[in-house]
Each structure stands twice: as C-alpha cells, then as structure tokens.
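Chains as they are written, first to last, in this note's numbering: chain A, 1 to 452; chain B, 1001 to 1468; chain C, 2001 to 2106.
Note that these hints are calculated values from the structure, not bench results. Here the structure is a predicted model, which means the values were calculated and not measured. Take these hints with a grain of salt, some might be off.
Stated by the list, open to error - Listed next, with one range per pair, are the computed distances between beta-carbon atoms:
1) 1090/B with 2094/C: 26 to 32 Å
2) 2002/C with 143/A: 39 to 45 Å
3) 2096/C with 1008/B: 43 to 49 Å
4) 2094/C with 365/A: 56 to 62 Å
Said to hold, decoys possible - Under 10 Å between C-beta atoms, here's a sample of chain B residues computed to sit facing chain C:
5) 1286
6) 1331
7) 1360
8) 1362
9) 1375
Unchecked claim - In silico lysine-lysine, DSSO-like type, Cα no more than 30 Å apart, as pairs:
10) 82/A with 1011/B
11) 1058/B with 1011/B
12) 104/A with 1362/B
13) 2017/C with 133/A
14) 2085/C with 1402/B
15) 1011/B with 2041/C
Note that CB positions come from ideal geometry on N, CA and C, so glycine has one too.
Chain by chain, the residues run as shown.
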Amino acid sequence: MLKKYRPVIGLEVHVELGTRTKMFCSCSANHFLAEPNTNVCPICMGLPGAMPYANKKGIMATIKAGLAFGCEINSFSKFDRKHYYYPDLPKGYQISQYELPICKNGYFDLKESDSKSKKIRIRRIHLEEDTGKLVHRTLEGRKVSLIDYNRSGVPLLEMVTEPDFESANEVDLFLREVQLAVRYLDISGANMEQGSMRLEANVSLCKEEDVFDLKKGIYPDYKVELKNINSFRFLKKALEFEFERQAEILSRNEKVVQETRGFDEVKAVTFSQRVKEEAQDYRYFPEPDIPPLTITEDIVEQVQKSLPELPSQRRERLMKDYFLSSNYTELLVSDLKRAEYFEQAVILAKEKDIEINKVVGAMINQNLDIKFSEPAGLIKYLLEIKNKAFVSADEVVASIDVVIHENQQAVLDYQSGKEQILGFLIGQVQRKLKGKGEASLVSEKIKEKLKS
Amino acid sequence: MIESVPDTIEKLQEGLLKKNYSCVELVDYYLNRIKKYDSSLNSFLTISEDSAYSQAKKMDKVLNGGSFSLSEYPLLGVVVSFKDLFLTKGIRTTAGSKVLQSYVPPYSSTVVMKLLSAGAIMIGKTNCDAWAHGASGENSDYGPTKNPWNKKYVPGGSSSGAAVSVSSDFSFVALGTDTGGSVRQPASFTNLVGLKPTYGLVSRYGVVAMASSLDTIGHFTKTVEDSRRILAVTGGIDNYDSTLCGEKGEKIGEKIKIGIPKEYFGEGLDLEVREIILKAIEILKKKGIAFKEVSLPHTEYAVPVYYVIQPAEVSSNLSRYDGVRYGNDRDSFGSEARRRIMLGTYVLSEGYRDAYYLKAMKVRKKISDDFDHVFVDVDAILCPTAPTPAFKLGEKANDPLKMYLADIYTASASLAGIPGLSIPAGFTKDKRPVGMQLLGKRFNENKLFDIGEMFQKLTNYHLEKPVI
Amino acid sequence: MTKVDSSDIAKIAKLAKLDLSSDDVLTFSSQLSNIISYIDKLGEIETEKIEPMSQVTGLSQILREDTSIPENTLSSSDALSGTEKTHNGYFVVDALIDKGEDMKND
C-alpha cells in the first residue's frame, strides 16, 4: 500500500544547551534530578517586576550549531515574546525568536550509504527558553497537575528542517547525526533519556503522481504531528506505523485528520492526542526588555575558527588517512570519547612503530580501550605483543628471497627508479611472515638484496 | 514631636547633623500626620511602621557614630514612600489591584535597595490606579485617592498616592512610575516637582511592569534641587535591567534657548492653564532665556499611538497573573485592567497586528524624530503638563476615551523616551495647582534641573502648602 | 466606525484568558469600537519606508557572562511563599483535560 505513496517528513528538534546558567537569569541550568522549585529566582519564576538578561554563552552556542549545519548567521537578530497560556509557562509568554532567528538556510549532507546521499535543508535554528515541568497526580480524589519550575528558563536550541525526509531511516540517521554533532560541539549532552534532546516530526504522504510538486515546494495539504516520543527507535517505529496508517486512509479516498499523535510503546501504534482546530495566535512582538543582537562578521569568524572537527569531517579524514572501512570508522566516530582516544593512540602508535590496523583491531574487535583507560596503556600492551612475536633474521631473509623471486617485474621497476614499489615489496614480505617481521630489519635486508 | 520639617534635603540633613531632631523623630512626625489625615485622603495602602523605625534607628546610630560622610549616605534621614508597584521584600505589594491583595514579595526592586542603602527611610506603600492604568487615582481597587488641595478633586494618576504623600507631608519624597504621564500629571495637580527620567536611566527591575518600552521610574519632590539629588541615587546601571544606558548628559552651555511647541497651545487647553504657562514664560524671558516657537507636527497622533503600544505591552505583562504562583486569579482584575488587556490583545492579534501594532511603532518613530529635529535648535521645550487643572472625582470616570485624552501633553515624551520635568507654575482662581513641563534631550536632565532651579529662585509657588 | 463585535470580543477574551459576563461583552464591544475608531486615525499617516521603533535606547548586544550567582536563587520556601496551593514543594493546579507531559497548544 505504501508503494503508491511517498512519505514527506519535516523535523523539529529541541536541544537543551549545557550552559552553566539559564538563558535569562543566573540560576543553574543543571536542573536534572533537583528537588522541585529549588533552582528558581524571580526571573525564571515570572514574579512581578522581574526582567530577563540574556546569557552570552547561549547565543554563542547557537551560532556554533548554525555554522556546523551550514547556516547563514543573521547579522541582526532579536528575541520575541510568544504568548500562550499553560501552567508550566510562568510569564504567560515564552521568550523565543520569530522572524529574525540567529541561524537560517542551512543544510546537511545525509549519506545513507556510500552511493546514496542527499541534502536536507535546515530552515532555521533559533534560541528560546524552556518551560517548567508538569507531573500529573491525583490528590485526595482530585486530579491535579504539580508544577516544578526548575527547568523554566533553561536555554533551548530549536532546529526546524524543511520536509525533505522520505523515510524513517533517513530521519533516524539525521537525528543521530544532530545528537553527535551537538556533542562534538560541546554545547549539549543531547541525552534523550534526560530530555536534553526532544523530537517532533511532521508526517504526510504524497501521492506518487504528485511527487514532482514537492520539488516546486508544493506539499500535501495536511500533516500529522508526532510528539512526546523519547527515543530514536520509537520514533522510527512510530513513523513506519504512521506511513501505513495514512496510506490506508488515503487509499480509501478519505482525508487524513490533521492532529497531534503520540506513540504507544507497548502496542507499537500511534494514537491521537489532540485534534488541531485552528492555528494558535501567539501575538508575537519584539521583546522590549532585551536589546537586539548584532552578530558581526568578526564574531562569526571567531566562532568558525573555534569549531572543532565535526563528525562528518572526522569520518572522511579517518577513512582517507587510515584506510579504515566505513563500519569501523562509524564505530570510532560515533562516540566522541572513543574518537579522541583513537587519535591519541594513533600518535603514540606511530612513535612506537606499531601499525594503525593493530590499534583499530584492538579497539574494535577486542574492546581493549575499555581495559586500558589511557591510550598509552593500550600502546604499551601492543608493543609487548609485537616484541615477543618477531621472527628471526634468517626467516626474514628467506621470505625476502621468495618475494623477490615471485615479483620480478616489481623488482625491476624498483631498480629502475620507482622507489615507491619498496612499500609494496615490504608489504609482501610481511604477509609471508604474518606481520612478524621487525620493521627496521626487514627494511634493511630487503634494501640490501634489491641493490644486488 | 516635631512641628514641621524643612523644605529641602540639604536643610533637613543640616538639622539632623545639628541634632535638632533624630531620624526616629522624623518617622514619629510623618506617622502621626498619616494617622491624623490620611483616612480622608486614602494615599497609603500599607504603612511599614516597624521597618521604618528599624531603619531610622540604624540611621541614628550612623549619625551618632561620628565617622560617616553624607557622600556615603546622601539621602540619610529622607523619609520616602513607594508607589505600590515597587516590590518591597517582606512588605505587601498590591499594584493597587485585588489580584495582589495579600502578596508579599520575596525580593525588592533595585531602586528600593538603592534608596535604602543611601540612608533613606521607607514609611509605606502608596495607593495608585491599579496596574498604573489611569490618570486620576480613581481606578484603584482600594478606593480613590483625594487631592489635598481640594478633596472633591482628583490628585491625578496613576501615581496618585505618591503625589499626595509628599504634598500632604506624609513623606519627604515619593517614588512613582511614569509611562504616559503618571508622575508629571499628578505633580502638576498637587503642586509638586515631578520627574520622568530618560528611558534607560533608572532601573525598572523589581517594579511591576506596565508597558515595558515606555515605563520609567520617576519621583516627586517639593523642589527641583531635591529632584536632582534623588536622581543621582536612583540612576545608573545595575546587572538586572539590560535596557539601561550608563550615559551622562551633555555638557551644559551658558546660554539657554527654549522651544514652545505650537501644537500644545491649541484647542482643548484650559484658558487658566494657558495664562499660567504664558506668565511663566515671561518670568524666564526676563532672566535672559531665549524662547522660540517650534513645531512637533505629529503631536495629534501621540495618544492613538500610545493607546496601541501601551495596552499591547500591558496585555503581555499581565499574562503572568494567573493565580498559580502568587496572587488571586484573573477574575480579580478590575474593569480598566480588563479593558486594556482586551484592547492590547486585539491590536496584537492575527489580522490586526500589522494595521495597529506595527503601524503604531512606525508612527512612534515619527514622533521621536519630531523631538530630535527640534532639539537641534533648542535646549529644552516648555509646555503645559496637562490640558486642565485637577478635575472633579467622577468627571471622566465613565468615559475611558476622555480619560485617555488627558495624556495628550505627556504621552509624546514617553514614546520618544526623553525626560520630562513638571514644576509648580501657579494656581487657578479656585486655588488648584497648575504645573508647567520641561522636556529635554535624552540624558539631559541636568539642563531641565538648571532651568527649573532658576524658575524656583524667581517664584514661590512650590513653597505653598495645602491646608488639610 | 470600526466595529468590534461580540464574537470578536469573545475571541479576544479567550486569548486573554478573561471570563466575561454577557454585560461585559456588550460594554467592551461598544467601548473598544469607540477606541479603535479613534485609533484608526493612524491610517492617515504615510509610513511605508519607516522602520518600526521597538527600542528607544539604541542599545544592542547587552549580554551577561555565563556565571552563576547563588545568592539570586530563591530558597524553596521563598519560591513557594506566594500561594498556599502547594504540595511537597510543587505548585498545584487542577488537571487540564489533555493527557501527557508537554502538552502545549503548539
């Protein structure tokens, strides 16, 4: 049934920034597991007379994220008030950004496989404050909501993509990449379980015959919002369920109801949470208590220079420099700590003359980086193994003879000046010796033999 | 018990140093007057007797300690009242509304703390139009405040109680807020000096917000020189209000030139007020001040612009009052508050935002530019503070639009963010005070103070007191 | 004269979270119509090329460092002191109809 339809998915990702203090006040931003309402002040509680004061770090972190995702940084940006009523929103409005977000028009190269890659357009990344938290209880027979404002005012990054995704797999890949990038940038722990990364997806199906319209920016006339799903795995399942559910409705020539749906993890189905009657009127206007932001070219340059190597850049480099397979590369890149361990181990390995392959194998196949918490320890271990295992000089010479005999053309090429062939011949010798030839000995002996 | 208190801070502090009286005795004096006379005026909502005595005793100790300087405590012994919009830690703060009837805040506003650190003594919280919505004092949820010059008349608003507390000698000075005229106009109606400072000079942190791009923290004194002294303490950057500029005004030149805006002397201006202002101009002319007619062409749009922007920001600032963390729920809002919330929500709503809110913000720029053009030529502007002297209680209460038009001479300055000073300029035949207004370039309060002090050396209006 | 009618008033009241009696609705409809008609005067002015003036100060980029100031954080008792509707350190409100955490009108 799904074959007749093409999924159209757009994402909204919220990331809690790991700043020390909240976005508009100096309360600690670390609210996880704190006793309720112990991490609040007049500002984040919305007491009468309180006024916001913007946190520089939050803004810098947003610019970082924008640059990492290829965005344009608006040289003039500001905060706006977004009005709606909800008990976890103390001021009755959220300080957010409306038409002049810090970042806009970015993109991400999504590589589903070595051959399949597409550009995901990122509409905007903006900065706003988080709300408090509600807990639902029954007290003395009465259904109540309990409110904790510890989280109120924590800085939130909101990233909105264009509806460029066509499969649950693409969505999953992208979200993992966002999580990884944000960790590499050191702006957030982006932890799904702790709620420091939150996902929302807008899903519709497009009929096969209307697919060309998508390129023109004409999208299906409805969308279903998936919310309150707190793991990548469940989102993927929810999406796949939605595709089938919507396909079934459309194939009956009926309309899909525009609504918000959640995911029941036990039954593995999505369910309706709220039907949207009309769009909310947020009555946006510029926040009068916070002067606008002027993000000069100098500032952007400064931030650009300070950007660390991003996951995609590291992947490329590891594969190029160390000839690693994409599987191995992924394993190393997907964990920031592991990737850093690897880089350090490689430096030490080079000094001690140990092959990179040995390091990779030790880490990935044997998880020895867990046993040796410091890279130096791992290298020491590998060095010990290597020293015990070297073959005798006679064996080396014998293998060299065989290799020379078997590769006469290569030998002639080398002798006629193609120096780089030496590497190949040495490699062949080591293969014969199963890698147990001591490197400098092999090199010395083979050069001797090749001279004659 | 002290019989009377000197007219200026300078003389007051001389008396303290000479030990003519103590801070505690000053508190006795004011509390006695409040208890005797305020029931018929209704200017106070909360009297902070305990903390007043505690602060007074502390200051007396400093005085008697010997090793202090007045530069450390520039307001030592000055008894002050705060409009009930100023949050005072541990002391009830109502904003003049039933919503905050029993609210006791856990923190104090920057300005309260600044004044107390400077040695001032807080005597209580004054009545005001609820949420500062009003120009008469009649919109308070706790009953109207009366004008001590004639109790059948309003004292002006919204800082009604603040004005009355100084003009009735219930406090030496009073702090208020001025968003569209709420310090200047009551000052005019009660024969006081009322300052609206430049927007961005005095911290708004800890003061119940009315309209965030217009609110300023002003004050009432008997003399211009004291107004200058208070501003020296209240002004300046804190780390909580990020709209503060640390600017100092320009250097003041010798020769002063004042502009008279022709749009402020047209129809609608009470004849007696007109006469008083023209007379004031003559007095200053004789002293060598040059006058010139100027034009502020967009004056007629000031009130409509103000009544789009202000209610819009009001509707936003009052969203936090939902009864969840403090106060009573939204059903406790009075009718003027509800009217302004409705008006503000309307002009910000989908479909109307461009035509009203955005449009008003653009016309605001034109109004502000009018002043910038005029100030190229002149150092200050002189005009009436209000189109009429104090009006009778109930006279405008049933017609909200009529009440809004009272802001006609004060709203423009608020929209442009410039400073305004209202100074006693005379009385009507039936002894109602009339103030004149001086407007200046941003951060040029000093120039206004200079002109005002000059005027007060030439006149005695500010020395007259009401008979209560 | 621009009319702000009863259904407009009802919509605005909902956005503003105000409960109006039917008398209120009529009064506000007439008062707001009056005021808005007066405000319509603004349509007289040409403002095509004018930038809206949302900030008077001309300030920009006023930011604070990311350092915590523990004295500014309220004690739990101060934080809860504004109301009696509390329970075990939380504020309490009647449950809303919608289920699930983070259910906002989004």
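### Message
For a quick check of understanding: which of the numbered hints are violated here, in increasing order?
### Response
3, 5, 9, 10, 14 and 15
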